[in-house]
Amino acid sequence: MDTILRIDMGAPGGPRVVRDPIGDYAGLGGRGMTSAIVSKEVDPLCHPLGAENKLVIAPGLLSGSVAAMSGRISVGCKSPLTGGIKEANSGGQPAQVLARLGYAAIVLEGKPRTNDLYRIVITKNEVIVEADNGLKMLPNYDLVEKMKKKYGERIACISIGPAGEMKMSAATVACTDMELRPTRHAGRGGTGAVMGSKQVKVIVLDDTGCEMRRPANPDRFREANKVFVAGLRKHPVTGEGLPAFGTNILANIINEAGAYPTNNFSRGTFEGVSKISGETEAELEKKRGGNPTHGCHRGCVIQCSGTYNDKKGKYLTKQPEYETVWANGANCGIDDMDAIATMDYLYDNYGLDTIEMGATIAVAMEAGLAKFGDAKAAIKLIKEAGTGTPLGRVLGNGAAVTAKVFGIEHAPVVKGQAMPAYDPRAVEGIGVTYATSPMGADHTAGYAIAANILKVGGFVDPLKPEGQVELSRNLQIATAAIDSTGMCLFIAFAVLDQPETFQALLDLLNSFYGMDLTGDDVTALGKRILSMERDFNTRAGLTSQQDRLPHYFYTEPIAPHNVTFQVKDEDLDRVFAW
Amino acid sequence: MTDAVRTIRVSDAGAVARLFQKQFLIEAEVGQSVKDLLTRQYGIDGETVGARVKTILLDSRPVDDIDRAIVRDGSTLALSGAMPGLVGAILRAGSFYAPMRGTITYHADGRERGLSGSGTVTVKLFNTLVDCLGPHFLRKGIVVPAADFAEAALSIPPAQIKKIFHDLSDNRPLSRSDVRRFAESAHAGGRVRLVMPGGDEATV
Chain R
1 MDTILRIDMG
11 APGGPRVVRD
21 PIGDYAGLGG
31 RGMTSAIVSK
41 EVDPLCHPLG
51 AENKLVIAPG
61 LLSGSVAAMS
71 GRISVGCKSP
81 LTGGIKEANS
91 GGQPAQVLAR
101 LGYAAIVLEG
111 KPRTNDLYRI
121 VITKNEVIVE
131 ADNGLKMLPN
141 YDLVEKMKKK
151 YGERIACISI
161 GPAGEMKMSA
171 ATVACTDMEL
181 RPTRHAGRGG
191 TGAVMGSKQV
201 KVIVLDDTGC
211 EMRRPANPDR
221 FREANKVFVA
231 GLRKHPVTGE
241 GLPAFGTNIL
251 ANIINEAGAY
261 PTNNFSRGTF
271 EGVSKISGET
281 EAELEKKRGG
291 NPTHGCHRGC
301 VIQCSGTYND
311 KKGKYLTKQP
321 EYETVWANGA
331 NCGIDDMDAI
341 ATMDYLYDNY
351 GLDTIEMGAT
361 IAVAMEAGLA
371 KFGDAKAAIK
381 LIKEAGTGTP
391 LGRVLGNGAA
401 VTAKVFGIEH
411 APVVKGQAMP
421 AYDPRAVEGI
431 GVTYATSPMG
441 ADHTAGYAIA
451 ANILKVGGFV
461 DPLKPEGQVE
471 LSRNLQIATA
481 AIDSTGMCLF
491 IAFAVLDQPE
501 TFQALLDLLN
511 SFYGMDLTGD
521 DVTALGKRIL
531 SMERDFNTRA
541 GLTSQQDRLP
551 HYFYTEPIAP
561 HNVTFQVKDE
571 DLDRVFAW
Chain V
1 MTDAVRTIRV
11 SDAGAVARLF
21 QKQFLIEAEV
31 GQSVKDLLTR
41 QYGIDGETVG
51 ARVKTILLDS
61 RPVDDIDRAI
71 VRDGSTLALS
81 GAMPGLVGAI
91 LRAGSFYAPM
101 RGTITYHADG
111 RERGLSGSGT
121 VTVKLFNTLV
131 DCLGPHFLRK
141 GIVVPAADFA
151 EAALSIPPAQ
161 IKKIFHDLSD
171 NRPLSRSDVR
181 RFAESAHAGG
191 RVRLVMPGGD
201 EATV
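Residue numbers (the numbering used here), protein chains in the order written: chain R, 1 to 578; chain V, 1 to 204.
Worth double-checking, as some hints may not be accurate.
Stated by the list, open to error - As a list, the in silico DSBU-like pairs of lysine-lysine whose alpha-carbon atoms are at most 30 Å apart:
1. R/Lys383 x R/Lys286
2. R/Lys149 x R/Lys111
3. V/Lys163 x V/Lys140
4. R/Lys275 x R/Lys287
5. V/Lys140 x R/Lys149
6. V/Lys163 x R/Lys275
7. R/Lys380 x R/Lys275
8. R/Lys380 x R/Lys311
9. R/Lys286 x V/Lys22
10. R/Lys312 x V/Lys162
11. R/Lys124 x R/Lys111
12. V/Lys22 x R/Lys287
13. R/Lys136 x R/Lys314
14. R/Lys234 x V/Lys22
15. R/Lys286 x V/Lys163
16. R/Lys371 x R/Lys146
17. V/Lys162 x R/Lys286
18. R/Lys312 x V/Lys22
19. R/Lys404 x R/Lys380
20. V/Lys163 x R/Lys226
21. R/Lys376 x V/Lys22
22. R/Lys311 x V/Lys163
23. R/Lys311 x V/Lys22
24. R/Lys371 x V/Lys22
25. R/Lys312 x V/Lys163
26. R/Lys311 x R/Lys376
27. V/Lys22 x R/Lys275
28. R/Lys527 x V/Lys140
29. V/Lys22 x R/Lys314
30. V/Lys140 x V/Lys162
31. R/Lys404 x R/Lys568
32. R/Lys311 x V/Lys162
33. R/Lys40 x R/Lys124
34. V/Lys140 x R/Lys275
Since the hints were made in silico from the structure, they are not lab data.
Throw the hints in and build the complete structure from the sequences for me.
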């Protein structure tokens, strides 16, 4: 995995393929790789849909090996939604396949000079970039079926649906799962729009003839993997809760805590939660012959994914995740699990971010386009977006745009990106993440927040490094390691709670690459990544004023606790003061 | 509280598992700690509580110390296993990140200590605790809305209903039409008491 594949879509005479040695980007994977390339090579002032933006697709450092949990792929660019740097992360098979093909990253550059739509095929021996206008406006499921017929069942696909072709800011980059369905998405921030601006519809990956990537020290690697897997299996989150119920295990408890945003963040509890909880979802799936315990990529031992069948036992969609169920359920007042599953399928097919769209539909409901709780109307709005009607064009560009068009104050966005499924007034720590993450309102990119605010671990002087307590430091180390290696983020808490599992993660990296990284090295890497991202955003014109929640979160209390977001601006500005 | 319409003996806790996540009522000694309620009053061993009950909400407030969280008449107690994600870690009992939800954390204010006697507590069990703790509560008896019970029972094959549910008020197996009548009584706010063998089957 020592090659970067650059495809200049705007080269004179047609797209040009160049294989570059990894060079200065050696040692980086996943978000580390995408953010390094974007921050170095993309003009922060460029138009996100213009030729100067780049779409970077990078597997993790351990992808393509037998290391457990190593199948995540990162997609990075300048975001058309936030105007800042973006890394969106996906499961599925492409990371494994791309890594075995030997590529540390694919970089799509430039912009075609014609209106052609392109198909890219990458095999062991060649890279083919061909115009294929017969693929125009195909939804993802149909597209993947077509690619399967043409190239066989060993492939993995990275694609955009109609939303990406229409360059909507809520458009995703889809990745196929183990069953070759386009169910996993690099969802946030409009990465699909950037791929659409490069006029690339699909990247087909075929690693036939390639071998698993081999570690430098196989015996040590094998032992580290064994300890790592054992750690994940014995931890109650990764070994019990997530496999049994998936991410939607969170619904009941978040609701009970009064932090489950309902009806466009107007309150923190939803009466219908038991109808759409993880427990109910798992029971329904089992009853209908679906499967609540399923991995999204080979090598996953947590198995938090699943398959959801309809009332007749026929496949409908992958198990909707907590965020999808919340955004299109409680946040829209909908308690119909089948309706939410239908919406999930539509999003996968059109290539739309379920979080952004759920938030958008809720704003549309507040604007009177539909009633809260009207699932049929919500589905109709999604179809408008997926088919590009004039209303759909508004909706497909996200909650902030929709709120502006319809004159709605309550747009729950930061840096233009819709908030995920936790109300920041009830859980202020997540509000800090939403406000300060370089990604916009994001619940996963902010694990490495400094623990020097909100008096975590007792009062800590934020300017004194020696004031940081061990657990906080370990959080930053663990999440930096995860972000830069491309491992699945769900390993984070097993790694934090169990020192031997944390050590096994370091041992996996060191034995694979023949290095001697320590926790401090990985922390430094995580900080470097965040610094690069912050620097890009500053150069793109974002200031501390964008590191804030919308004003109404400071003034309008949320029931049942009747609290507002009280973290001071000066505290938010200290998060990255390391 | 427990002026339920009828008492039903349940031979399989799994048949009513979905009721645990919605909510059910129990009788408890109030003015005591959550730990006391779970261990002494409801017979759940301390090791199980320590190992499995990782997220506790008392009246919607995350609890960090179950020895100090005091149950009142009318309290709602929600119990869960460990949760994923950053917010899951923040809500966990005794979490290092507890200050990140400081504005909603449970704090005893001293008034609870004066309480004593019996009271009614609403309990919710989530995810891995449904199977783990449900039977403990069921053995002592739980009260649920008749409509919720009917919904759970009607999802079971008719032949199984008679095997699993026994009406202790009439001393006969419950039929599907009996269950439908419970559904109808929901309009009058009807409730049923469910109890599993090995516990207190006295009809209220």
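Verification of the hints:
Of the supplied pair hints, the one linking R/Lys383 and R/Lys286 holds, its CA atoms being roughly 29 Å apart against a limit of 30 Å. In summary, the hint linking R/Lys149 to R/Lys111 is supported, as the alpha carbons are separated by about 29 Å, within the 30 Å threshold. With a C-alpha separation of about 20 Å, the suggested pairing of V/Lys163 with V/Lys140 holds against the 30 Å cut-off. For the hint linking R/Lys275 to R/Lys287, the alpha-carbon distance of about 15 Å falls within 30 Å, and the restraint holds.
As the CA atoms of V/Lys140 and R/Lys149 are separated by approximately 60 Å, the hinted pair breaks the 30 Å bound. Simply put, V/Lys163 and R/Lys275 have alpha-carbon atoms about 27 Å apart, close enough for the 30 Å limit, and the pair holds. Taken as a hint, the R/Lys380 and R/Lys275 pair is honoured in the structure, with Cα atoms around 22 Å apart against an allowance of 30 Å. At roughly 21 Å between alpha-carbon atoms, R/Lys380 and R/Lys311 fall within 30 Å of each other, so this suggested pair holds.
At roughly 19 Å between alpha-carbon atoms, R/Lys286 and V/Lys22 fall within 30 Å of each other, so this suggested pair holds. Under the criterion of a C-alpha separation no larger than 30 Å, the hint pairing R/Lys312 with V/Lys162 is consistent with the structure, at around 27 Å. Distance check on the hinted pair: R/Lys124 and R/Lys111 sit about 26 Å apart at the alpha-carbon level, within 30 Å; holds. Proposed proximity of V/Lys22 and R/Lys287 is supported: the alpha carbons are some 19 Å apart, at most 30 Å.
Pair hint R/Lys136 plus R/Lys314 holds up; C-alpha atoms about 28 Å apart against a cutoff of 30 Å. Distance check on the hinted pair: R/Lys234 and V/Lys22 sit about 28 Å apart at the alpha-carbon level, within 30 Å; holds. Among the hinted pairs, R/Lys286 with V/Lys163 is consistent with the structure: their alpha-carbon atoms are about 22 Å apart, no more than 30 Å. About 38 Å separates the Cα atoms of R/Lys371 and R/Lys146, which puts this hinted pair outside 30 Å; it is violated.
For the hint linking V/Lys162 to R/Lys286, the alpha-carbon distance of about 23 Å falls within 30 Å, and the restraint holds. Annotation: proposed proximity of R/Lys312 to V/Lys22 holds, straight-line Cα distance about 26 Å (limit 30 Å). A distance of roughly 21 Å separates the Cα atoms of R/Lys404 and R/Lys380; the hinted pair therefore holds under the 30 Å criterion. Taking the CA atoms of V/Lys163 and R/Lys226, the gap is near 45 Å; set against the 30 Å cutoff, the hint is violated.
A threshold of 30 Å between alpha carbons decides the hint, and for R/Lys376 with V/Lys22 the separation of about 26 Å falls inside it, so the pair holds. A hinted pair counts as satisfied when its Cα atoms are at most 30 Å apart, and R/Lys311 with V/Lys163 qualifies at roughly 26 Å. At roughly 23 Å between alpha-carbon atoms, R/Lys311 and V/Lys22 fall within 30 Å of each other, so this suggested pair holds. At roughly 25 Å between alpha-carbon atoms, R/Lys371 and V/Lys22 fall within 30 Å of each other, so this suggested pair holds.
Distance hint between R/Lys312 and V/Lys163 is fulfilled; the C-alpha atoms sit about 27 Å from each other, no more than 30 Å. Note on R/Lys311 and R/Lys376: the hinted pairing holds, with a Cα-Cα distance of about 17 Å set against a maximum of 30 Å. Between V/Lys22 and R/Lys275, the direct Cα distance comes to roughly 9 Å. Compliance with the 30 Å bound is thereby established for this hinted pair. For the hint pairing R/Lys527 with V/Lys140, the CA-to-CA distance comes to about 54 Å; that exceeds 30 Å, so the pair is violated.
With a C-alpha separation of about 28 Å, the suggested pair V/Lys22 and R/Lys314 falls inside the 30 Å cut-off, and the hint holds. Proximity of V/Lys140 to V/Lys162 is assessed by CA-CA distance (about 22 Å); at most 30 Å being required, the pair is judged to hold. A threshold of 30 Å between alpha carbons decides the hint, and for R/Lys404 with R/Lys568 the separation of about 27 Å falls inside it, so the pair holds. Taking the CA atoms of R/Lys311 and V/Lys162, the gap is near 26 Å; set against the 30 Å cutoff, the hint holds.
Between R/Lys40 and R/Lys124, the direct Cα distance comes to roughly 29 Å. Compliance with the 30 Å bound is thereby established for this hinted pair. Proposed proximity of V/Lys140 and R/Lys275 is supported: the alpha carbons are some 27 Å apart, at most 30 Å.
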